[in-house]
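Participant: For reference, the chains in residue letters:
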Amino acid sequence: MRFVDEFRDADKAHALAAKIAALCAPGRQYKLMEVCGGHTHTIYKHGLEDYLPESITLVHGPGCPVCVIPMGRVDDAIHLASQPDVIMTSFGDMMRVPGSQGSFFDAKAAGTDIRMVYSPLDSLKIARQNPDQRVVFMAIGFETTTPSTAMTVLRAAAEGLGNFSVFCNHVTIIPAIKAILDSPDLRLDGFIGPGHVSTVIGCRPYEFIAREYGKPVVVAGFEPLDILQSIYMLMVQLSEGRTEVENQYTRVVPWDGNLAALNAINQVMELRPYFEWRGLGFISHSAMRMRPDYASFDAELLFQVPGVRVADPKACQCGEVLKGVLKPWECKVFGTACTPETPIGTCMVSPEGACAAYYNYGRMNRHRVVEVSIS
Amino acid sequence: MCLGIPGEVIEFLPDQPDLARVDVSGVKRVINVGLLADDPPEPGEWVLIHVGFALSKIDESEAAAALEFLEGIGQAYADELAALQESRIE
Amino acid sequence: MTGRTAPDTSPGRRGGWVDEALREHEEHTRAAMSRPKTAAPEREQQVLDRIDKARRRRPKIREERITMSHGAGGKATRTLVEAMFLDAFRNPLLEPLEDSAQIHLNGSRVALTTDSYVVSPLFFPGGDIGDLAVNGTVNDLAVSGATPLYLSAGFILEEGFPVADLNRIVTSMQAAAMAAGVQVVTGDTKVVQRGKADGCYINTAGIGVVEHDVSLGVATAQPGDAVIVSGPIGDHGVTIMLARGELDIEADIVSDTAPMNGMIADLLGATTGVRALRDATRGGVATILNEVATAANVSVVVTEDKIPVRTEVRGASELLGIDPMYVACEGRLVAVVDGAEADKALAALRAHPLGEQAAIIGHIAEEPPGIVLLKTAFGGTRIVDLLVGDPLPRIC
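Residue numbers (our numbering), protein chains in the order written: chain A, 1 to 375; chain B, 1001 to 1090; chain C, 2001 to 2396.
Quick caveat, the hints were computed from the structure, so don't treat them as lab data. Note that the structure is predicted; figures quoted are calculated from it, not measured. Be a bit skeptical, because a hint or two may be false.
Calculated cross-link-like contacts (lysine to aspartate or glutamate; reagent style EDC-like; alpha-carbon spacing at most 16 Å) [as the list claims (entries may be wrong)]: (1) B:K1028 <-> C:E2250; (2) B:K1028 <-> C:E2312; (3) B:K1028 <-> B:D1039; (4) A:K327 <-> C:E2042; (5) C:K2060 <-> C:E2082; (6) B:K1028 <-> B:E1008; (7) B:K1028 <-> B:E1011; (8) C:K2306 <-> C:E2356; (9) A:K178 <-> A:E159; (10) A:K45 <-> C:D2305; (11) A:K45 <-> C:E2304; (12) A:K31 <-> A:D185; (13) A:K19 <-> B:E1071; (14) B:K1028 <-> C:D2248; (15) A:K178 <-> A:D189; (16) A:K327 <-> C:E2044; (17) A:K31 <-> A:E54; (18) A:K125 <-> C:D2248; (19) A:K314 <-> C:E2026; (20) A:K19 <-> B:E1011; (21) C:K2306 <-> A:D5.
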């Protein structure tokens, strides 16, 4: 596959790894955080940590938009889905996220009409094909996905579709990063910046991290070599005492972002005064809702959602994992009570969650494995 | 969720300027290119696809530059390894 | 959102064993505290050991209702089979849970298998439900080392189903049966009201005779054995996904449904080193590798770039965010073969049209037991676990 395979070359990886190791100051430990679920996934899926020296630790941040949805909102979504003649449509990632009474998957098994879609446009198609039913799209995601929802609403408006609405749970990345930076629990040396979010918002929004918090940021692509190169670029900055925002993913990310996408978002949506993030609490101006002009596409206005706040189960430590304070295996219920099959929290359910990535791909003793691979 | 895949634009759909057919490894799908309206892609150009929308064009020269950098590092590494080998033989 | 807070409720059905896990953790932590401080890698290993123990515990069904996961061929299916069916019917013939049961009958070794076919859509590029019904059952018999002989065919038809479609299906079945050298010797027909049975469901049972002197079974895998796959993986599952038409994806992929008894006979005739054969259907190759690892308590180590996958299947999988290793095939086998005989086995497979692209994808190792490891094309290593959930429903 073009633009994919070239960035998965093992020889170049060894070369980069050697250079990274050479930049590590003796006796010093480095903690680099990546805030994008896609990065977490790639790191584990390709066994990237095998290439890094022990002095570099990769910490996984709250970049998984599924993981940060509080249980109460899942309950709200299921409530919506259960309304008469509602067809709920959702990305596959949401299907197994547990609410307080079960997940979409469980609701589906009990007879609720919930359908998996690949794109919000598929949801629109279902609305056109079922004029007597009301179709709701469960909108989740960071700025990568928000423009797609916005464009879909614009299309629905242009077509005069009266039976399509959006349950909007889009969140924004900068407040989450800021919450991490302000958190006393964590000492980070640098950030691997989210690649696809940056195609929309550009690289400028991260400048405050370098300027005010003194940490270098490198916006990274998603292939293993992209991530390794980004780590290399961070280590170069650290060794040279620089703190800047750099773009490794230049083939896709424009420094100024995508104006058309930002305009689409701005036309259809506005920032909520505050929104609850699982594990991080209430963060102001961190999530989107439909603008009053588009009220007829806002599921929260068209239907009554209970809006009950549900506390996480006592056993759940997703919050600390999301902040990077705990590694997945340090969570009390990781792998025993909380598994991908029986998830207690979202970190284990979403394919981009740190716990799911570690459980599915990384759950092994690295030293034993190295011996095995050589044999 | 961050799933973005590179695909090559094959053609635009006749009555729908917003829709283009793309090819991903021999698999074809129609996607919405409305987000690239300011600088629409031409057939033959590559785009980044996410949940049925093209988010960005893939700049081939930047991709080539990135690969060149990686090749350079790879070559330097290979050279170093070779040098190491030679010095060992002594 | 309003400010009301609901009482802290873990999903009710999970209450008991969450507390249990927490208690265990506390005991463990207390024990660890009383010992000298351990370094992080050791602590991580302790957690991994605890998880391993949890995974080996007797399976329990925690759901109150059947979900689509139970039919996906992954973890949930296995739990259902072990905790419900094996538990209720338990007997030595059922215990191995192989693709067929091996029965000694009047001096002969008879293999018996059954399968139900609920694929949607009924007709797809490369075949239809009729082809699957015959080939699937023939293959289940053949991978047990049996020569497939006779099939039964039970039809559950929906009121309103076009007779012409039934004719197509039955014609396919006869053609498939002739190609495989088997006969449909008995059957049944039921009709259910409009709205049930989605057109047509088929159940088949098959019997065959094990003539070779082989005793195949995944529990016999040993360190040093080679793992071979007979051709490119994921063709069938991806074909079905695309044929559903919901995804607006066009590709030139067809189902790989085929009877493998001829190829298997060649393989078993060429070498006595075959330890196990499995038909890679629901859950894909990854599921079989996990079954081997668990049954034989060994590690299965496979190399990503040795696994044959068609370019278009890879492309479609990347687009859909699924992993070809978990996607169903309907005419591919996974073989575990004595390392010393691997080349002979490979040659035998490659000599047969269905096995032209057969490849050695990995080997069996001693450690870590029960785990499937993948060496990525990139050079790192990761685990390949059992499938959770159901990315591709109603595949076969």
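Participant: Hints broken by the structure, by number, lowest first?
Facilitator: 3, 9, 20
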